[in-house]
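Student: The primary structure of each chain is shown beneath.
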Amino acid sequence: DTGVSQDPRHKITKRGQNVTFRCDPISEHNRLYWYRQTLGQGPEFLTYFQNEAQLEKSRLLSDRFSAERPKGSFSTLEIQRTEQGDSAMYLCASSLVRGDTEAFFGQGTRLTVV
Amino acid sequence: GENVEQHPSTLSVQEGDSAVIKCTYSDSASNYFPWYKQELGKRPQLIIDIRSNVGEKKDQRIAVTLNKTAKHFSLHITETQPEDSAVYFCAASIGGGGADGLTFGKGTHLIIQP
Chain F
1 DTGVSQDPRH KITKRGQNVT FRCDPISEHN RLYWYRQTLG QGPEFLTYFQ NEAQLEKSRL
61 LSDRFSAERP KGSFSTLEIQ RTEQGDSAMY LCASSLVRGD TEAFFGQGTR LTVV
Chain H
1 GENVEQHPST LSVQEGDSAV IKCTYSDSAS NYFPWYKQEL GKRPQLIIDI RSNVGEKKDQ
61 RIAVTLNKTA KHFSLHITET QPEDSAVYFC AASIGGGGAD GLTFGKGTHL IIQP
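As they're listed, the protein sequences go chains F and H.
With our numbering, letter number 31 in the first sequence gets 31, and the count goes up by one each step, no holes.
With our numbering, letter number 1 in the second sequence gets 1, and the count goes up by one each step, no holes.
The hints are simulated quantities; they were obtained by calculation from the structure and are not laboratory data.
Given the structure is predicted, the values throughout are model-derived calculations rather than measurements.
Worth double-checking, as some hints may not be accurate.
Stated by the list, open to error - With the C-beta cut set under 8 Å, the calculated list includes, among others, these residues of chain H facing chain F:
no.: 1; residue: Pro44
no.: 2; residue: Leu46
no.: 3; residue: Thr103
no.: 4; residue: Phe104
no.: 5; residue: Lys106
no.: 6; residue: Gly107
To be verified - Listed next, with one range per pair, are the computed distances between beta-carbon atoms:
no.: 7; chain 1: H; residue 1: Lys42; chain 2: F; residue 2: Thr13; range: 21 to 29 Å
no.: 8; chain 1: H; residue 1: Asp59; chain 2: F; residue 2: Arg15; range: 43 to 51 Å
no.: 9; chain 1: H; residue 1: Thr10; chain 2: F; residue 2: Ala53; range: 39 to 47 Å
no.: 10; chain 1: F; residue 1: Ser66; chain 2: H; residue 2: His7; range: 21 to 29 Å
no.: 11; chain 1: F; residue 1: Glu78; chain 2: H; residue 2: Lys106; range: 42 to 50 Å
no.: 12; chain 1: F; residue 1: Phe74; chain 2: H; residue 2: Val20; range: 34 to 42 Å
no.: 13; chain 1: H; residue 1: Glu15; chain 2: F; residue 2: Glu68; range: 41 to 49 Å
no.: 14; chain 1: H; residue 1: Ser18; chain 2: F; residue 2: Thr13; range: 20 to 28 Å
no.: 15; chain 1: H; residue 1: Glu15; chain 2: F; residue 2: Ser62; range: 40 to 48 Å
no.: 16; chain 1: H; residue 1: Glu79; chain 2: F; residue 2: Glu83; range: 42 to 50 Å
no.: 17; chain 1: F; residue 1: Phe74; chain 2: H; residue 2: Asp17; range: 39 to 47 Å
For glycine and all other residues, C-beta sits at the position ideal for the given N, C-alpha and C.
Turn these sequences into a full structure, and let the hints steer you where they fit.
Tutor: Structure (structure tokens):
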């Protein structure tokens, strides 16, 4: 599969626990984005990377959230001290900087905080 | 920041009829407007996009129009088929191709009645 892949697909965690999600973008894509989608809503932008540099963070990204893309390839999104309001689908997308500018989405990680 | 409004939230049409979904945006600097289709439990997939230097774009049964002056854009699906049933999201961004993140509308649930 040469598309964007995310792991795990589903995660159930207890409130207060830390969770980490992984995203592997399309190999030649140098831009990587994280979005959050709750039921009945459109995806909401969280942050994006160009290569290994994190270039923008949304106000939605509280200090409990941290994202990394250490080698400019895969990325991780960590949520510390999870709260019930963090329950959502976390989507990763990737795109090229120039030329083909379509953002391709992964299947997402569905987080449930109980 | 950018704000994207999308209407209607639900649209039911008879198979074979046309469907129109409308979006407005607030930031006149936005110059890239994609439309994504999301089937239940699946990833958003790009179906068509338009840039601000173009007023209309068509791809088979799907067309998008853009009015920069009024800051609105619309998706038109002709000869609707059952497989068109899904949630459709419009989005807007500055810099093209998801650069700096896409701002999505809340989505339109399109139902094709047989």
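Student: Take a look at whether the Cβ-Cβ distance between F:Phe74 and H:Val20 falls inside 34 to 42 Å.
Tutor: With a Cβ separation near 40 Å, F:Phe74 and H:Val20 satisfy 34 to 42 Å, so the hint holds.
Student: Is it true that H:Lys42 and F:Thr13 lie within 21 to 29 Å of each other by Cβ?
Tutor: The hint (21 to 29 Å, Cβ to Cβ) holds, given that H:Lys42 and F:Thr13 are roughly 23 Å apart.
Student: Would you say the C-beta atoms of H:Glu15 and F:Ser62 sit inside 40 to 48 Å of each other?
Tutor: 45 Å, holds
Student: Against chain F, is H:Leu46 within 8 Å by beta-carbon distance?
Tutor: 5 Å, holds
Student: Under 8 Å, Cβ to Cβ, is where H:Phe104 needs to be relative to chain F, so tell me if that hint holds or is violated.
Tutor: Nearest chain F Cβ about 3 Å off; hint holds.
Student: Would you check whether H:Pro44 satisfies its interface hint, that is, whether its CB is within less than 8 Å of any CB in chain F?
Tutor: Holds, because the Cβ-Cβ distance from H:Pro44 to chain F comes to roughly 5 Å (cut-off 8 Å).
Student: Quick check on a hinted range of 20 to 28 Å for H:Ser18 and F:Thr13, using CB atoms only.
Tutor: 45 Å, violated
Student: Does the interface hint hold: is H:Gly107 within less than 8 Å of chain F, judged Cβ to Cβ?
Tutor: 5 Å, holds
Student: Quick check on a hinted range of 39 to 47 Å for H:Thr10 and F:Ala53, using CB atoms only.
Tutor: Given about 41 Å between the Cβ atoms, the range holds.
Student: Is 42 to 50 Å a correct range for the gap between the Cβ atoms of F:Glu78 and H:Lys106?
Tutor: Hint violated: Cβ distance 28 Å, outside 42 to 50 Å.
Student: Regarding F:Ser66 and H:His7, is the given constraint of 21 to 29 Å on their beta-carbon distance met?
Tutor: 36 Å, violated
Student: Taking the beta carbons of H:Glu15 and F:Glu68, is their distance inside 41 to 49 Å?
Tutor: Distance hint for H:Glu15, F:Glu68 holds at roughly 47 Å.
Figure legend: structure checked against the earlier numbered hints; hints not met, in rising order: 10, 11 and 14.
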